[in-house]
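Here the protein sequences come in this chain order: A and B. If you read the first sequence in numbering that gives the first Met the number 0, its first letter stands for residue 0, the second for the next number, and so on. If you read the second sequence in numbering that gives the first Met the number 0, its first letter stands for residue 0, the second for the next number, and so on.
Hints in this document: simulated from the structure, not taken from any laboratory. Honestly, I wouldn't trust all of these hints.
[Stated by the list, open to error] Which residues of chain A face chain B? A partial, calculated answer using Cβ under 7 Å:
#1 Asp68
#2 Pro217
#3 Tyr234
#4 Gly237
[As the list claims (entries may be wrong)] Listed next, the in silico SDA-like pairs over lysine to any residue satisfying Cα-Cα at most 20 Å (straight line):
#5 A:Lys100 with A:Asp115
#6 B:Lys120 with B:Ala154
#7 B:Lys220 with B:Glu49
#8 B:Lys220 with A:Lys130
#9 B:Lys60 with B:Ser32
#10 B:Lys101 with B:Arg151
#11 A:Lys100 with A:Gln152
#12 B:Lys220 with A:Thr119
#13 B:Lys220 with A:Gly180
#14 B:Lys58 with B:Ile25
#15 B:Lys120 with A:Asp230
#16 B:Lys120 with B:Leu109
#17 B:Lys80 with B:Asn65
#18 A:Lys130 with A:Gln147
#19 B:Lys80 with B:Lys101
#20 B:Lys60 with B:Ser231
#21 A:Lys85 with A:Glu136
#22 B:Lys220 with A:Asp233
#23 B:Lys220 with B:Ile197
#24 B:Lys220 with A:Gln108
#25 B:Lys101 with B:Trp191
#26 B:Lys220 with A:Ser3
#27 A:Lys81 with A:Ser69
#28 B:Lys58 with A:Asp2
[To be verified] Take a look, some chain A residues computed to stay more than 12 Å from chain B by CB distance:
#29 Ser77
#30 Gly151
#31 Gln167
Glycine residues also receive a C-beta, built at the ideal position from the N, C-alpha and C atoms.
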Amino acid sequence: MLDSLNLDEKIVVITGGGTGLGLEMGRDLARAGANIVLAGRRPEPIEQAAEEFRGMGLKSISIPTDVTDSTQVNNLFSQTLKSFGKVDVLINNAGGGSGNKPIWEITDQEWHDGIDKNLTGAFYCCRAILKHMVEQESGKIINISSGQGLRGQRGSFMYGCSKGGVIQLTRVIAATYGPMGITSNCIVPGMIPIQNETQTNEPNKRLNFLPMGRAGTPQEMAPLATFLASDASDYMNGEMLYCDGGALAGGAAITGYGRNIQLDY
Amino acid sequence: MPIPKEWNLSGKSIILTTGDRGWGPIIAAGLASAGANLVILGNRQKILDESEECALLYKNKVLTINTDLTNPEETNEAIEKSVSFLGRLDILVNDTQTEFSKPFLEITPLEYDLVMNRNMKSVFLCCQAALQHMVINNRGKIVNFASVLAERGVAHETAYSSSMAAIEQFTRSLAIELARTGITVNGIGTGWYTTENIPLEQQREDPLVRYLPSRRLGHPKEIIPLLILLCSDMSSYMNGQTIFVDGGSMTHA
Chain A
0 MLDSLNLDEK
10 IVVITGGGTG
20 LGLEMGRDLA
30 RAGANIVLAG
40 RRPEPIEQAA
50 EEFRGMGLKS
60 ISIPTDVTDS
70 TQVNNLFSQT
80 LKSFGKVDVL
90 INNAGGGSGN
100 KPIWEITDQE
110 WHDGIDKNLT
120 GAFYCCRAIL
130 KHMVEQESGK
140 IINISSGQGL
150 RGQRGSFMYG
160 CSKGGVIQLT
170 RVIAATYGPM
180 GITSNCIVPG
190 MIPIQNETQT
200 NEPNKRLNFL
210 PMGRAGTPQE
220 MAPLATFLAS
230 DASDYMNGEM
240 LYCDGGALAG
250 GAAITGYGRN
260 IQLDY
Chain B
0 MPIPKEWNLS
10 GKSIILTTGD
20 RGWGPIIAAG
30 LASAGANLVI
40 LGNRQKILDE
50 SEECALLYKN
60 KVLTINTDLT
70 NPEETNEAIE
80 KSVSFLGRLD
90 ILVNDTQTEF
100 SKPFLEITPL
110 EYDLVMNRNM
120 KSVFLCCQAA
130 LQHMVINNRG
140 KIVNFASVLA
150 ERGVAHETAY
160 SSSMAAIEQF
170 TRSLAIELAR
180 TGITVNGIGT
190 GWYTTENIPL
200 EQQREDPLVR
210 YLPSRRLGHP
220 KEIIPLLILL
230 CSDMSSYMNG
240 QTIFVDGGSM
250 THA
């Protein structure tokens, strides 16, 4: 059964692949044998990651790409196809938060930038490669959304709306291209601590509202990408995999809160 | 390239509960193939025998106990016996499912009770008994099987779909209650499956299959990798979710 997790000879494109969750997913996929194309705005982190994967005996290249620019996205995939001849898996990981201010202060430009970063970029990448995947009758899209795409987070306008859009993009692709052999699924990470927070071992009081009392780590989420990229997940389509320690199961309940009401009998 | 070692269950002790659908042997074989030692509980001797036979192929420890999992005393006793056989308990996998469909007005109160007891009460009792052995170590994993009918309504499924929704909600609340203990609770929701080898053309004569984005029925062996993931140390931050493996049926309009 576990043989189906092998990714030897698979070509995987990861956007935002040079740092954070993107880099950890790449490392996990590489351990399973995947050849990885790294896209990202800054050339140094993605080339460094590609070098790390080449050091493992894999084929890996980096292609500097701003996913909000469709010309650059089209170039990413034409270069990838030129180098490898196919794309098996696309991981739409690029994106990011966009501040927190009163809705009446958000400018047109800030709204569009926030939506473009997380949703339009993923759409451009899907648009650029899905025809190829449909022609090869196989392909896996893995989108990275957020708990904020499912629940309302105070002040999270562009991020929440775009991440909600990413979930719908996942479902519509699954419903439309599922019959052609394409699967499209979504990882929904909970809170991941920023770098300097992970380095301290002291319990963070700010995270006490989370069910497990701690944030997750990129290393805990990365194996989900390997699972969704592999044949092991072939009958999963249009689904979300939460990796949030239970946050979405409970919502903003107070951890440790539990009523006691006796039954009358 | 070798598979990362966390992707298996070598040496893990698992209790698998079964109902009266025939997935027991497939799930038992899947868990055993990943290296787990198993005790299989249920009250269908044929399913227990076949499950044992399949699991033994992988040369791990296997025991079956014929027991009524809707009965609290029998369930407690079976779980105690299981844990003394295994030496400890790492994982509980609940697949006590009974399938049942009937027009609502024809369902008898007895049928309703049986469906609810076999599907939901058994999960409740097994979790309660098994958790006694997990909370002392502050470590453990529970995986409950449910169905897409936990979230979608279908005619003739009032009793069955209610029991599935109950399992999904049970999974969420138990996950939250245990979140600080190191024990996680997750679920797998299955869609339209068959254990028979039906040719694709024949499957597609059924309008339901033509409606699925997968254009085919699933086979229970297809949930094994996800089950292993949810049983393994890899899923340490996954909690409270029932994940659907349904060929995209839930994504559809």
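Checked hints:
| no. | hint | result |
| --- | --- | --- |
| 1 | Asp68 | violated (29 Å) |
| 2 | Pro217 | violated (10 Å) |
| 3 | Tyr234 | holds (4 Å) |
| 4 | Gly237 | holds (3 Å) |
| 5 | A:Lys100 with A:Asp115 | holds (18 Å) |
| 6 | B:Lys120 with B:Ala154 | violated (23 Å) |
| 7 | B:Lys220 with B:Glu49 | holds (15 Å) |
| 8 | B:Lys220 with A:Lys130 | violated (30 Å) |
| 9 | B:Lys60 with B:Ser32 | holds (12 Å) |
| 10 | B:Lys101 with B:Arg151 | holds (16 Å) |
| 11 | A:Lys100 with A:Gln152 | holds (12 Å) |
| 12 | B:Lys220 with A:Thr119 | violated (37 Å) |
| 13 | B:Lys220 with A:Gly180 | holds (19 Å) |
| 14 | B:Lys58 with B:Ile25 | holds (16 Å) |
| 15 | B:Lys120 with A:Asp230 | violated (35 Å) |
| 16 | B:Lys120 with B:Leu109 | holds (15 Å) |
| 17 | B:Lys80 with B:Asn65 | holds (12 Å) |
| 18 | A:Lys130 with A:Gln147 | violated (30 Å) |
| 19 | B:Lys80 with B:Lys101 | violated (37 Å) |
| 20 | B:Lys60 with B:Ser231 | holds (18 Å) |
| 21 | A:Lys85 with A:Glu136 | holds (12 Å) |
| 22 | B:Lys220 with A:Asp233 | holds (11 Å) |
| 23 | B:Lys220 with B:Ile197 | holds (15 Å) |
| 24 | B:Lys220 with A:Gln108 | violated (49 Å) |
| 25 | B:Lys101 with B:Trp191 | holds (17 Å) |
| 26 | B:Lys220 with A:Ser3 | holds (12 Å) |
| 27 | A:Lys81 with A:Ser69 | holds (18 Å) |
| 28 | B:Lys58 with A:Asp2 | holds (19 Å) |
| 29 | Ser77 | holds (28 Å) |
| 30 | Gly151 | holds (19 Å) |
| 31 | Gln167 | violated (10 Å) |
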